[in-house]
Amino acid sequence: MAETLVAAAALAKSFRNGVAALAAIDLAVAAGEFVGVLGPSGCGKSTLLRIIAGLIEPSAGRLERAAALAGRIGFVFQEPTLMPWATVSDNVYLPLRLQGVSRVAAAPRVAAMLESLSLREFAAAYPRQLSGGMRMRVSIARALVTEPALLLLDEPFAALDEITRFKLNEDLRTLWRRHRCTVIFVTHSVFESVFLTNRIVVMTKRPGRIVADLPIDLPETRDNALRLSERYADRCRTVSRRLAEAMA
Amino acid sequence: MNGSARMARIVGPIVVGALVIAFWHGIVWWFAIPPYVLPGPGVILRTLWSDGPSLLASLLVTLRITVAALAVAVALGGSLAVLFSLSKTIELSFFPYAVILQVTPVVAIAPLIIIWVNDVFAALLVCATIVAFFPIVANTTLGLNSADRNLVDLFRLYGASRWQMLRLLRLPSALPLFLAGMRISGGLALIGAVVAEFVAGTGGAETGLASRIIEAGYRLEIPRMFAALFLLSLTGIAIFAVLSWLSRMLLRHWHESALEPSD
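Keeping their order, the protein sequence lines are chains A and B.
Using this note's numbering, read the first sequence as starting at 1 and increasing by one per residue.
Using this note's numbering, read the second sequence as starting at 1001 and increasing by one per residue.
Please keep in mind that the hints were generated in silico from the structure rather than gathered at the bench.
Keep in mind that a hint or two might mislead.
[Stated by the list, open to error] Interface residues of chain B toward chain A, partial, derived using beta-carbon atoms under 7 Å:
no., residue
1, 1146
2, 1151
3, 1153
4, 1160
5, 1163
6, 1172
7, 1245
8, 1249
9, 1253
10, 1257
[Said to hold, decoys possible] Residues of chain B placed beyond 12 Å of chain A at every Cβ, according to the derived structure:
no., residue
11, 1064
12, 1104
13, 1158
14, 1214
15, 1254
16, 1259
Virtual Cβ for every residue (Gly too), placed ideally from N, Cα, C.
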């Protein structure tokens, strides 16, 4: 059994305005997992992700993070969230810069990251010159450049068209296989979560609770052929049913 | 921008200006208005030519006060805004007084400042700075506080120091609003410099255009007054143009305000 990276016990969050976002979340994520968090809009998925990242504090319960995670968490937001005044390569350099890595020392790592997300020829471009999908690639490159132990993604592809989204899904899966970091991927798309992950936790409406924890036993390599397969459709049906139950 | 749009931008104002001048000239000529009431454009142009050198020396004085006031306003206003962004307590404690300073008419406090500050140049500089600095403080504070919330979170996630947060995120985020504030302040600094000199009413060699306008008024040299006014508005336009150009140069890569429409 791999080491547990993140463990939430009876985790709850209520905001100051009285909104209860999360109620009694129990979740353990082991190193190397690719976990999907699936639930309706506004069920507290993003809140859970922000608590895991340490950006906000839970109101009750405990969240334990492995010591190995200190400073090794990457985060991808719903929007690309790039600095519009900086070039693509400067945006990707940012996390290393904040951690005190010199530009010269960072250059090969930034270049390699741009290469693996097919962004090489856009290194000197500004975000406004890129399409939505390309901006999201920059955002992912920025999250991966520090070689994080845990990558958190908050509905990163929700605003993209389906063709771009399929391509990015495949690329993300490939990157995960190469980097072998642990991934928690928040989404409200059944198809996306089944395609990407090895395990899906299903959440209820607000205040969010986890009502199902399903392994996704699909082949390691996932490509477009998988989308057409009976096994994929079957997993999607199962997850859809559990989501419908969660919504009831 | 296509050619016809560019033409419209240049030709339009020229046509309007020519029509106004022609109308003005026509009125003066038709009603035979004497130049000490309303001088025609031709008289003003001749005065500008003959009195130009003496007016230009005064313009230089006014311009020196204006540029210095803008520089002080940028330095003072910018630092104050940074201080505000570092501490909400400081912002809440000081901002009301910045507003009070802003809403107090400079003509009302200029006499006091002229009494308190011995050096005339320094006194005028203080007045012009008071008028000019508020838009910079207000705009820069707003800009520093409106950095993308998710980017702020991202910086926190990577353990950014306060200084990194300021330099790499808040200052660049504030740049467009700071520049917009500076464009307003450039014009205000000029107005402040002129108004303060009106109130000071100082004589002597080292005086600005306001003194020339006052003198010309006393002597009923109305064409000279118009010539001085013309120089003043030309200066105002030039300051605005320079600051707009600076803003475009600094923002051209990324900010919506500086992009060409065809991009």
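Okay, the hints, checked on the actual structure:
no.	hint	in the structure
1	1146	13 Å, violated
2	1151	6 Å, holds
3	1153	5 Å, holds
4	1160	5 Å, holds
5	1163	11 Å, violated
6	1172	5 Å, holds
7	1245	19 Å, violated
8	1249	13 Å, violated
9	1253	5 Å, holds
10	1257	12 Å, violated
11	1064	33 Å, holds
12	1104	36 Å, holds
13	1158	4 Å, violated
14	1214	47 Å, holds
15	1254	4 Å, violated
16	1259	8 Å, violated
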